[in-house]
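Using the sequences and the accompanying hints, generate a full structural model.
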Amino acid sequence: MGKVKLEKALQERLSAGEKIFSPFIMAGDGGLDILPDRIKFFEENDAAVIELGIPFSDPVADGPTIQAAGSRALANGTTLAKVLDILEVTKLERAIPVVIMTYINPIIAFGVEMFAKMCAKAGVDGVIIPDLPMEEERLVAEALSRRDIAFVRLAAMTSPQERLQELAKRTEGFLYAVAVTGTTGARREHDAYVSTFLQELKTYTETPVLAGFGVSTGEQARALSEYGDGVIVGSKVVQLLHEGNLAEISQLIAESRSLKV
Amino acid sequence: MSVYTVPDQSGKYGNFGGRFVPELLMPAVLELEKAYEAAKQDKSFLGELNYYLKQYVGRETPLYFAERLTDKAGGAKIYLKREDLNHTGAHKINNTIGQALLTVRMGKRKVVAETGAGQHGVATATVCALLGLDCIVFMGEEDIRRQALNVQRMELLGAEVRSVEGGSGTLKDAVNEALRYWVNHVEDTHYIIGSVVGPHPFPMLVRDFQAVIGEETKRQILEQDGKLPEKIIACVGGGSNAMGMFYPFVEEEDVSLIGVEAGGSGLETNKHAATLTKGKVGVLHGTLTHLLQDENGQIEEAFSISAGLDYPGVGPEHSYLQSIDRVNYTSVTDKEALEAFELLSRKEGIIPALESSHAVAHAMKVAGEMSKDQTIVVCLSGRGDKDLRQ
Chain R
223 MGKVKLEKAL QERLSAGEKI FSPFIMAGDG GLDILPDRIK FFEENDAAVI
273 ELGIPFSDPV ADGPTIQAAG SRALANGTTL AKVLDILEVT KLERAIPVVI
323 MTYINPIIAF GVEMFAKMCA KAGVDGVIIP DLPMEEERLV AEALSRRDIA
373 FVRLAAMTSP QERLQELAKR TEGFLYAVAV TGTTGARREH DAYVSTFLQE
423 LKTYTETPVL AGFGVSTGEQ ARALSEYGDG VIVGSKVVQL LHEGNLAEIS
473 QLIAESRSLK V
Chain E
3 MSVYTVPDQS GKYGNFGGRF VPELLMPAVL ELEKAYEAAK QDKSFLGELN
53 YYLKQYVGRE TPLYFAERLT DKAGGAKIYL KREDLNHTGA HKINNTIGQA
103 LLTVRMGKRK VVAETGAGQH GVATATVCAL LGLDCIVFMG EEDIRRQALN
153 VQRMELLGAE VRSVEGGSGT LKDAVNEALR YWVNHVEDTH YIIGSVVGPH
203 PFPMLVRDFQ AVIGEETKRQ ILEQDGKLPE KIIACVGGGS NAMGMFYPFV
253 EEEDVSLIGV EAGGSGLETN KHAATLTKGK VGVLHGTLTH LLQDENGQIE
303 EAFSISAGLD YPGVGPEHSY LQSIDRVNYT SVTDKEALEA FELLSRKEGI
353 IPALESSHAV AHAMKVAGEM SKDQTIVVCL SGRGDKDLRQ
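Going line by line, the protein sequences match chains R and E. Position in the first sequence (from 1) plus 222 gives the number in the working numbering. Position in the second sequence (from 1) plus 2 gives the number in the working numbering.
Warning: the hint list may mix true and false statements.
To be verified - Computed list of lysine to aspartate or glutamate pairs in EDC-like fashion (alpha-carbon distance at most 16 Å, straight line): (1) E/K14 x R/E357; (2) E/K112 x E/E189; (3) R/K304 x E/E297; (4) E/K14 x R/E359.
Hints in this document: simulated from the structure, not taken from any laboratory.
And the structure:
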């Protein structure tokens, strides 16, 4: 469980010459009761790891699609406590690693120690907190480390070299490479600099480097995977789930993983 | 009290403050801190700032002895620090002129800002017009409706006003959207935040730019009254006028400092903006501070008749000053603020902003309990023409 499980799962894929596909879904969007089914769907479609968003009222790193999903989830009464309960109850039903992504305030309100403890109990393997830069991470890092939960760091294209090296050194599970200079959401194309950025990050760490933000097509996923180890697809998955278009998600996963090295 | 030195190197005020922003913004936040530290030591920057404060903003502002208000309260002498007489009608421009000069210094030509009632938006649009900077102001759709005149002013000044439709359509949502815009345009744009909130170094640099209020007050009250005042009272939303007024007095232990929050319909209702009195500690808009939030850490809507106090957070330094018992925070209801609004207009011929009316209302409450040789200074942070339609 935890960090080791996540690292092992990703390593197995990469050793088999595959690229990693990680969907982001917003817990509680469409109702909390369907969450286990959604996790099962991605597991059956052979996603490598699921990022599970916990909604926050003021998500400043997110574009309109994920903001809207978060608002729907909050309107459904979604809370961190309820999501952790569901994950705990269904823990034995899933093999796929789960990484929770949320802003720091819901974690503070829940209690940092309690959060780490309940994550471990619920079989959560990693945590991503987009508004917690290195300067503030001691607030949670130790609590997560004690429970062997991977604390995934985010690297940005605006970060200077020393910061990128430090982030690459500290990250656990994988390094989340933010592939745009902006908020989450589908984009037609990525800046040409992204490939250099991903290649640079790869030289700083053995930990897998996954590109996220702005990835919405199989073509983009393949292009970004060429330099990194795979992609995280958020807004597009969230939108397709909202539309009930599961077929297109399956296709997107298949296309994204079709590049073999 | 010992020497007051917050924030520390990491932007912390005791346990409060800090830099809770996405990695993408960290380089910009660090760059700003560096640029500000250098500017502070640079005589030409300070000279330019002082030039604009004097010749353009119209400083210094008077410290006015409100004799008729004093008679009415029947106790301590009440002085008003007339920030309403600044260009654009509020204290906001003390900060925007400073940050706009910093923007130029950092080689950026574009500015983004948020605004609630429109005062900070107008003050930002004004200095951008002056210095030839592009300016985008985010404003909640509800506030755009309530403050149509300020929207017209900003547009006349050449700013682009963008309506924010998410959430409750007020100040909090405008800050969210301004932050998102900054995330998407950080390489060529500076965010001129309007209060002592946001990630470090914003609370510090906004405080420092606003400290001119307290510095002038200290000099003026000694000249006019021969001693420091017993009490200083200022309204607190995000808390920039209060911070600017209090800061030069923090080490003066004999001066009691009082921050007045918006009590809205009353603290016993859920309709208020009394963050320090009723809030819990958490992180919003990049800083750790008191917030109105539910038990799950979701931010709640603030409520006040005054759009400028309608914010569910508060500057982290206020949380700190409360935690060390240096400033007392209290609240005044909408009704009490409206009474003070009318009272000051009738008695002194000064129409105060609804925000500032909260401070006036509290001064009227406590002045009567004090003796006639004692003194209160009230920060009259802005003028009230904008509030007449309410």
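Going through the hints against the structure:
For the hint pairing E/K14 with R/E357, the CA-to-CA distance comes to about 11 Å; that is within 16 Å, so the pair holds. For the suggested pair E/K112 and E/E189, the alpha carbons sit about 10 Å apart, so the restraint of at most 16 Å is met. Pair hint R/K304 plus E/E297 holds up; C-alpha atoms about 13 Å apart against a cutoff of 16 Å. Proposed proximity of E/K14 and R/E359 is supported: the alpha carbons are some 14 Å apart, at most 16 Å.
The structure is consistent with each of the numbered hints, conforming to all of them.
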